[in-house]
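Participant: Sequence:
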Amino acid sequence: MSYRIPLTLALLAIQASVYGQPYVFIGPGSTAQGDYLRGLGVAAYGVGQGDVFEAQAEGIRLDNAIRFNEYVASVLKNENSENARHRAEMLRKAKENYDTRLKQLLESPDARDVARGNALNVLLEELNSPAIHPSTHRYVEVPLSIDEVRRIPFSLPRKGVKGFSMQRLTVKKRINWPLAFQDNQFERDRKRYHDALDHLLELHVQGAAQMEALDRLKSAVAALSDHLDAAFAGRETDRQFIEGRAKIRDLNDIIEMMKAHKIQLALVDLDHYDGRTVNDLREFMRRHNLQFAVPETPEEKQLFPDLYARLKIHLEKAKGGADGPIRD
Numbered sequence: 000m001s002y003r004i005p006l007t008l009a010l011l012a013i014q015a016s017v018y019g020q021p022y023v024f025i026g027p028g029s030t031a032q033g034d035y036l037r038g039l040g041v042a043a044y045g046v047g048q049g050d051v052f053e054a055q056a057e058g059i060r061l062d063n064a065i066r067f068n069e070y071v072a073s074v075l076k077n078e079n080s081e082n083a084r085h086r087a088e089m090l091r092k093a094k095e096n097y098d099t100r101l102k103q104l105l106e107s108p109d110a111r112d113v114a115r116g117n118a119l120n121v122l123l124e125e126l127n128s129p130a131i132h133p134s135t136h137r138y139v140e141v142p143l144s145i146d147e148v149r150r151i152p153f154s155l156p157r158k159g160v161k162g163f164s165m166q167r168l169t170v171k172k173r174i175n176w177p178l179a180f181q182d183n184q185f186e187r188d189r190k191r192y193h194d195a196l197d198h199l200l201e202l203h204v205q206g207a208a209q210m211e212a213l214d215r216l217k218s219a220v221a222a223l224s225d226h227l228d229a230a231f232a233g234r235e236t237d238r239q240f241i242e243g244r245a246k247i248r249d250l251n252d253i254i255e256m257m258k259a260h261k262i263q264l265a266l267v268d269l270d271h272y273d274g275r276t277v278n279d280l281r282e283f284m285r286r287h288n289l290q291f292a293v294p295e296t297p298e299e300k301q302l303f304p305d306l307y308a309r310l311k312i313h314l315e316k317a318k319g320g321a322d323g324p325i326r327d
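Position 230, counted from 1, in the sequence shown is what numbering that gives the first Met the number 0 calls 229; the numbers after and before it change by one each time, with no gaps.
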């Protein structure tokens, strides 16, 4: 406590000078003992005053801290509120744009929307809507041949997954192979590929192991690739070679997709597909969770506008039937 006495005395002296009433510490008739005791009393009084001032200062500091914290909390609350309004507005605009785009795809798609399959996928989603009773579809018959279905490119609804079609994969007709592979020198390679593919699909039907069959199919594609390189050695800019190389890449992509995404069941069902209507196609795609892929070959691109028109007809008829009584 002794170290606070000089400061306390100084404060008392200042206070006394402020109020014009100086404290008298030593007066006439004082004694050493009395002065000592009087000094202790003055020091104790000063310590008490110091505690009062310190408490007042602490209150001021606490009040400042509270005000600062309230200010920070208010700023954060306002910022969070602004951010929330901003996010809500962004979501609202995104949904508005999505709804507008969806309506445009459904009601008035342009040629590009149809050509890339976007408009077809929107129609497919509408056909599978719970608003249309499943039994309604059975009474709508819009014809669609097996050959047309085999030419349709499908894909899984996953980012980065390429499209596939039965015609792309099987190419059983010689004329459907790229021109380079139609040459008689590739007949053995084509047969090896077809046999490997049939073996793979048959194993899946039997529920047997398929990794060996996938490797066998990949080897058959590799043989086609090696033969192509040998046949066109030094002619890598030849159009036939470029088309053949593109076909090899396409087959390899489908094989890798078989390994990664297990599409063999869809391919088996597609290989045995016997549907005759748009509804048969709808049920097949729904069963395997498929959607329309971007068409790549001229035949696929030629098919999509007509396929869109048939899906549209089926949807209109199904919606018309949904307004009437449901028959199970």
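Keep in mind the hints are simulated off the structure, nothing from the lab.
For each residue, glycine too, the CB sits at the ideal point set by N, CA and C.
Some clues are possibly wrong.
[Said to hold, decoys possible] Below 30 Å or equal to it, Euclidean Cα-Cα: the simulated DSS-like pairs (lysine-lysine) are: (1) 172 x 246; (2) 246 x 258; (3) 102 x 76.
[To be verified] Pairwise CB distance ranges (calculated): (4) 175 x 228: 20 to 26 Å; (5) 175 x 91: 46 to 52 Å; (6) 37 x 77: 55 to 61 Å; (7) 232 x 187: 16 to 22 Å; (8) 287 x 96: 29 to 35 Å; (9) 297 x 234: 22 to 28 Å; (10) 127 x 83: 30 to 36 Å; (11) 187 x 238: 22 to 28 Å; (12) 107 x 238: 16 to 22 Å; (13) 109 x 187: 45 to 51 Å; (14) 147 x 90: 18 to 24 Å; (15) 109 x 197: 38 to 44 Å; (16) 175 x 287: 35 to 41 Å.
Participant: A separate judgement is required for each hint: does it hold in the structure or not?
Facilitator: Hints, verified against the model:
no.: 1; hint: 172 x 246; in the structure: 15 Å, holds
no.: 2; hint: 246 x 258; in the structure: 19 Å, holds
no.: 3; hint: 102 x 76; in the structure: 38 Å, violated
no.: 4; hint: 175 x 228: 20 to 26 Å; in the structure: 22 Å, holds
no.: 5; hint: 175 x 91: 46 to 52 Å; in the structure: 49 Å, holds
no.: 6; hint: 37 x 77: 55 to 61 Å; in the structure: 59 Å, holds
no.: 7; hint: 232 x 187: 16 to 22 Å; in the structure: 19 Å, holds
no.: 8; hint: 287 x 96: 29 to 35 Å; in the structure: 31 Å, holds
no.: 9; hint: 297 x 234: 22 to 28 Å; in the structure: 24 Å, holds
no.: 10; hint: 127 x 83: 30 to 36 Å; in the structure: 35 Å, holds
no.: 11; hint: 187 x 238: 22 to 28 Å; in the structure: 24 Å, holds
no.: 12; hint: 107 x 238: 16 to 22 Å; in the structure: 38 Å, violated
no.: 13; hint: 109 x 187: 45 to 51 Å; in the structure: 47 Å, holds
no.: 14; hint: 147 x 90: 18 to 24 Å; in the structure: 40 Å, violated
no.: 15; hint: 109 x 197: 38 to 44 Å; in the structure: 41 Å, holds
no.: 16; hint: 175 x 287: 35 to 41 Å; in the structure: 23 Å, violated
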